Amino acid sequence: MLSIRNIVKQYAGHRALSGVSIEVEQGKVFGLLGPNGAGKTSLIRIINQITAPDSGEVLINGQKLNQHHIGSIGYLPEERGLYKKMEIGEQIVYLAQLKGLTEQEATRRAKKWFVKLEIESWWKKKIEELSKGMQQKAQFVATVIHEPELIILDEPFTGFDPVNAEIIKNEILELNRNGATIIFSTHRMESVEELCDSIALLNLSHKILDGKVRDIRNQYRNGTYILEHEGGAVSTAELPFEVVAQKATEDGNRMTLKLTPGQTLNDVLAYMLPLTRISRVEEVVPDMNEIFIQAVSTHK
Amino acid sequence: MHKILLIIKREYFSRVKKKSFLLVTFLVPVLFIGMFSLIVYLAASQGGLGDKKKVEVVDESGWFAGKLKGGKTIEYSVAGDYATAKKEFLKSGYDYLLYIPATVTNIQLFGEKTPSAMHSGKIEEELSRIAVARRLGDAHIDSAMLAGAQKQVSVEPKQITENGEKDAHIYAAYGVGLACAFLIYMSLFLYGAQVMRGVIEEKVSRIIEVIISSVKPFQLMLGKIIGVGMVGLTQFVLWIALTMLLSTVAGTALTGNKGKAMQQIQQSQGMSEQIGGNGAHQTEITAATDNPVASLMASLDSLPVTQIVLCFLFYFFFGYMLYSALFAAVGSAVDNETETQQFILPVTLPLIFTIILSQTVIVNNPDSALSIWLSMIPFTAPIAMMIRIPFHVPPIQIAASMLLMVLGFLVTTWVAARIYRVGILMYGKKASYKELAKWFMYKE
Chain A
1 MLSIRNIVKQ
11 YAGHRALSGV
21 SIEVEQGKVF
31 GLLGPNGAGK
41 TSLIRIINQI
51 TAPDSGEVLI
61 NGQKLNQHHI
71 GSIGYLPEER
81 GLYKKMEIGE
91 QIVYLAQLKG
101 LTEQEATRRA
111 KKWFVKLEIE
121 SWWKKKIEEL
131 SKGMQQKAQF
141 VATVIHEPEL
151 IILDEPFTGF
161 DPVNAEIIKN
171 EILELNRNGA
181 TIIFSTHRME
191 SVEELCDSIA
201 LLNLSHKILD
211 GKVRDIRNQY
221 RNGTYILEHE
231 GGAVSTAELP
241 FEVVAQKATE
251 DGNRMTLKLT
261 PGQTLNDVLA
271 YMLPLTRISR
281 VEEVVPDMNE
291 IFIQAVSTHK
Chain B
1001 MHKILLIIKR
1011 EYFSRVKKKS
1021 FLLVTFLVPV
1031 LFIGMFSLIV
1041 YLAASQGGLG
1051 DKKKVEVVDE
1061 SGWFAGKLKG
1071 GKTIEYSVAG
1081 DYATAKKEFL
1091 KSGYDYLLYI
1101 PATVTNIQLF
1111 GEKTPSAMHS
1121 GKIEEELSRI
1131 AVARRLGDAH
1141 IDSAMLAGAQ
1151 KQVSVEPKQI
1161 TENGEKDAHI
1171 YAAYGVGLAC
1181 AFLIYMSLFL
1191 YGAQVMRGVI
1201 EEKVSRIIEV
1211 IISSVKPFQL
1221 MLGKIIGVGM
1231 VGLTQFVLWI
1241 ALTMLLSTVA
1251 GTALTGNKGK
1261 AMQQIQQSQG
1271 MSEQIGGNGA
1281 HQTEITAATD
1291 NPVASLMASL
1301 DSLPVTQIVL
1311 CFLFYFFFGY
1321 MLYSALFAAV
1331 GSAVDNETET
1341 QQFILPVTLP
1351 LIFTIILSQT
1361 VIVNNPDSAL
1371 SIWLSMIPFT
1381 APIAMMIRIP
1391 FHVPPIQIAA
1401 SMLLMVLGFL
1411 VTTWVAARIY
1421 RVGILMYGKK
1431 ASYKELAKWF
1441 MYKE
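As you go down the protein sequences, you meet chains A and B in turn.
Our numbering puts the first residue of the first sequence at 1, with every later residue one more than the last.
Our numbering puts the first residue of the second sequence at 1001, with every later residue one more than the last.
None of these hints come from the bench; they were simulated from the model.
Nothing here was measured: the structure is a model prediction, and the numbers come from that model.
Treat the hints loosely; a few may be bogus.
Stated by the list, open to error - Listed below are the simulated SDA-like cross-link pairs for lysine to any residue, each with C-alpha atoms no more than 25 angstroms apart in a straight line: (1) B/K1003 to A/K28; (2) A/K28 to A/G179; (3) B/K1216 to A/V144; (4) A/K85 to B/K1087; (5) B/K1087 to B/E1124; (6) A/K85 to B/G1111; (7) B/K1216 to A/K28; (8) A/K85 to B/M1035; (9) A/K124 to B/A1102; (10) B/K1009 to A/T107; (11) B/K1017 to A/E78; (12) B/K1216 to A/L101; (13) B/K1017 to A/D54; (14) A/K125 to A/E78; (15) A/K112 to A/N66; (16) B/K1067 to B/M1035; (17) A/K126 to B/R1206; (18) A/K85 to B/F1021; (19) A/K116 to A/N176; (20) A/K84 to B/R1206; (21) A/K84 to B/R1197; (22) A/K300 to A/K28; (23) B/K1003 to B/P1157; (24) B/K1019 to B/M1035; (25) B/K1054 to B/A1102; (26) B/K1438 to A/V213; (27) B/K1072 to B/K1009; (28) B/K1003 to A/N36; (29) B/K1019 to B/L1233; (30) B/K1122 to B/S1154; (31) B/K1122 to B/Y1099.
Said to hold, decoys possible - Pairwise CB distance ranges (calculated): (32) A/G211 to B/L1349: 57 to 65 angstroms; (33) B/V1415 to A/G13: 45 to 53 angstroms; (34) B/V1305 to A/G13: 56 to 64 angstroms; (35) B/D1367 to A/E79: 50 to 58 angstroms; (36) A/Q67 to B/A1179: 43 to 51 angstroms; (37) A/H14 to B/H1002: 49 to 57 angstroms; (38) A/Q67 to B/K1438: 42 to 50 angstroms; (39) A/Q67 to B/L1345: 32 to 40 angstroms; (40) B/S1247 to A/Q67: 31 to 39 angstroms.
No residue lacks a Cβ here, since even glycine has one placed at the ideal position from N, Cα and C.
Same shape as in the complex, but just chain B:
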């Protein structure tokens, strides 16, 4: 036991002390927050939108006189007749020339260069709004009534439990489940590969023989796996802490702008969802449409958070232990990293298979037979179960899955250790699957 602790300590500190660890650990949150801040900042300051464009308007219909307001990016001014304006456009100093024929069809926007999609889109939006209001007015239709009639219905997912009904938050469940699954998926690959590389390093540098004259191969394997796993946990904790710290700092720095930015994002969303009507309806419809982001934020509390966290830690731990034991066995069977390919694919196939299914089959139908089976098989359970947990899984299924997970971990580690103990002492022998089976069968 004491020796395993020594090995864990070495594996842990030799990685944590590396410059690359510090770099990645500190750089990732900085980059993440930096990128997010930049987006918020740009959106708030409109720094990326360029100068205000001056648009010369020739309105032959008369529908728009006095109604075009422009905005941050566009400024309208009325021009005289079309022919003159067009002829002198290049010398006029305007950025665009907007021509609206009397029929209010075939409206054209001219520019020295091709007008940008953003500007022509803004102009189109504004013209449409005014035109629709005008046509409704001509047809004697009350625009408020129309908006009321056009209001879409929404279905509220609810869940009936023994304590009565409660809101089910599909988006939140979606988001949280997928996020947890992806996190587990990525960390299994990341840290599993680190274990494998560590094993290869010991084999290639030939230190292995010195070490296993002092400790059992199984102790070394276990120590390495646990050590690397703790490096992973450390990295996670630091990432979360740093991200929270930095986002608080960045948030304070950007408070003023951030508020504005959020407003703007919502506004533009409202606009794009808008079919017709005027400014008054716009706000009404925006409020009525369920914003997925807002809803996700608001409903996070309603999820079985404690259960999710506990399950995440459980499945991360055992999933990592199971897969890194396999990665260690792969590392022991080869002499360098390029030879690992043939063994890596079968090891990682269940993971890839599950993560692909999780985004479609499992998340859309978390209670299907396939989903349930995938969340029971130890190789796929860490991912499949994390997708299902936010959708409320019967305790008996969780218990069964966890039991199988522990059993699967024990069996896999036992098998991996039997291959490992022989593999680490085999130099220059190209291992085949037949060879691995033979190693497995060796007596002590």
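Here chain A stands alone, though its shape is the one from the complex:
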């Protein structure tokens, strides 16, 4: 759906993007990850045509990015805000009109969203009279009111309490089910695992990792397992596999072990079964947070 090809963006003094290429599939939730200053916002601004790349191109459905795509993209910036002195309803309708809706259509859809998010009684209030969470809801409505094919959300959950964050998350998933492609830029890795199908990880203007979340996690599997058994700690010297850590639990011992090359879990179990009663075995798959930290710290 969205193809980003070899984008280079140079600012005076520093390079924001060095030859970044990313493919986002239709109807998926895509995570754009990276530490601060990695180039995420620069890339998002290019997709939104706020700035233009020095070289490289962006294609939407095979078509080179142009003015007509503005109406099919919805953007929730990280630094968000609305006109403080303007009535909230009027403001949403205005922003929707800028995206190409007629006034009637914009009003109709805005009213529907306000009812859905339970903020309909605030229609006539000015932004400065609203709570932070309420403002964020209004901003979310402004992002999606024109039913964009591509929704770009930069840190969408900041500023929401857990209840409202859940509401917004469900709205995002519903939009996705209804066919919208979602790009999701965040630092919060637990939401990435929960929501994203694929990710790309940027660091220091380069893309250092991308692919499906499951594939990446598999790629980062390193044969580490947790094994709980009865009895006391085992003397590690005799074991034919590497024990990373051991810890006494309430009813036995928990061992974190790592397979040596060529070894399988079955080998470990075959060795351990005669010695003790095994109560739990689990593979330790690194979560996105660890992968993120590992990938960023090895890429310097």
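We have chain A already, so just place chain B on it with the hints.
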């Protein structure tokens, strides 16, 4: 195009609907008319002049017996001898004691408190008139002849055109030119600053990123400038209409008094210009002296009014567009209003420079090389040319100035927009002139 219209609409209505806009728009004419009416009313009713003062006169010269008439504010009565009158003055109930020695010099006016300048002035005027008439009579000089001899000459400015000669009205040209220039000067500041504040507001509230993911920065800037400009025009039109309406209302209410007041103003002017003579000469001299106000009123028609109006609208529009583009660029470069100072001064310097010169150099010598150059440079032309127009400017110069104005507007807006498009996305970065130059150089 459609999006620019939307932006203009928002910028316009969000300002026009504000309470402060309504307040200023309606209050200014009310205050203006109210103040003017009050002045007229006070002058007419003499309400501010206080009670009539009773003046006891000791005239040892005998020149003034029976000739002191007094007036609305002063009533004379003759007293006996000076010593008694002075001793009993405090108990006498009179406000003032006027002592005229036999020599008619060292005339003194006593009061319980220091006599007011107005009263002593009135008394002085009346005494002088009588004394001068008396001395002229003693010297056997005919006062009518003297007044005739003292009549001042006046120079009538005329203009020779291909259709023959016609009256040139310097005062009218002065007044109209300066008024137009000041109006443009003030509105450039007023509405330019509004554009700047609007840009800062969008930047500070962070809505800018949402908006420019929908429209181009240039569209937003242009929409804002035009929207605010229309607010300015609306305000002007309402001010003019309201002022006219209110002055008609106030005029009707005050008709009787106003007539009297005008008479009085003219009378007092006549008196102050009077050197000597009696009542008969007074009116003659008053009529002869050209009253600037009356002359201005009478000669307004003779000015190139259509040209002035068209030029005013042209220079207001393009001057406003040019300067507000610069103000928008300034607004985009800063994070809050206090930081604007360093950029505001260079932007407004040409305006301040021109308005100062316009009151002296340009208005006194509208055809000097300096005046002509100032009316050509787009940054100073809106003010300088408006001063010159009432003095009749060759069409070729107007055309050249207008052409340069349009070019200047296009170039300035282009430069401003290049700074603006980068500036609005830069947060927390203190902009220097070097920085602005860098922004300007950025590719799209």
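Going through the hints against the structure:
no.	hint	verdict
1	B/K1003 to A/K28	violated, 31 angstroms
2	A/K28 to A/G179	holds, 8 angstroms
3	B/K1216 to A/V144	holds, 20 angstroms
4	A/K85 to B/K1087	violated, 74 angstroms
5	B/K1087 to B/E1124	holds, 24 angstroms
6	A/K85 to B/G1111	violated, 63 angstroms
7	B/K1216 to A/K28	violated, 29 angstroms
8	A/K85 to B/M1035	violated, 34 angstroms
9	A/K124 to B/A1102	violated, 86 angstroms
10	B/K1009 to A/T107	holds, 17 angstroms
11	B/K1017 to A/E78	violated, 31 angstroms
12	B/K1216 to A/L101	holds, 17 angstroms
13	B/K1017 to A/D54	violated, 43 angstroms
14	A/K125 to A/E78	holds, 23 angstroms
15	A/K112 to A/N66	violated, 30 angstroms
16	B/K1067 to B/M1035	violated, 39 angstroms
17	A/K126 to B/R1206	holds, 16 angstroms
18	A/K85 to B/F1021	holds, 14 angstroms
19	A/K116 to A/N176	holds, 17 angstroms
20	A/K84 to B/R1206	holds, 10 angstroms
21	A/K84 to B/R1197	holds, 13 angstroms
22	A/K300 to A/K28	violated, 30 angstroms
23	B/K1003 to B/P1157	violated, 54 angstroms
24	B/K1019 to B/M1035	holds, 23 angstroms
25	B/K1054 to B/A1102	holds, 22 angstroms
26	B/K1438 to A/V213	violated, 41 angstroms
27	B/K1072 to B/K1009	violated, 59 angstroms
28	B/K1003 to A/N36	violated, 34 angstroms
29	B/K1019 to B/L1233	holds, 18 angstroms
30	B/K1122 to B/S1154	violated, 29 angstroms
31	B/K1122 to B/Y1099	holds, 15 angstroms
32	A/G211 to B/L1349: 57 to 65 angstroms	holds, 59 angstroms
33	B/V1415 to A/G13: 45 to 53 angstroms	violated, 22 angstroms
34	B/V1305 to A/G13: 56 to 64 angstroms	holds, 57 angstroms
35	B/D1367 to A/E79: 50 to 58 angstroms	holds, 56 angstroms
36	A/Q67 to B/A1179: 43 to 51 angstroms	holds, 46 angstroms
37	A/H14 to B/H1002: 49 to 57 angstroms	violated, 38 angstroms
38	A/Q67 to B/K1438: 42 to 50 angstroms	violated, 27 angstroms
39	A/Q67 to B/L1345: 32 to 40 angstroms	holds, 38 angstroms
40	B/S1247 to A/Q67: 31 to 39 angstroms	violated, 52 angstroms
Violated hints, in rising order: 1, 4, 6, 7, 8, 9, 11, 13, 15, 16, 22, 23, 26, 27, 28, 30, 33, 37, 38, 40; the structure is consistent with all others.
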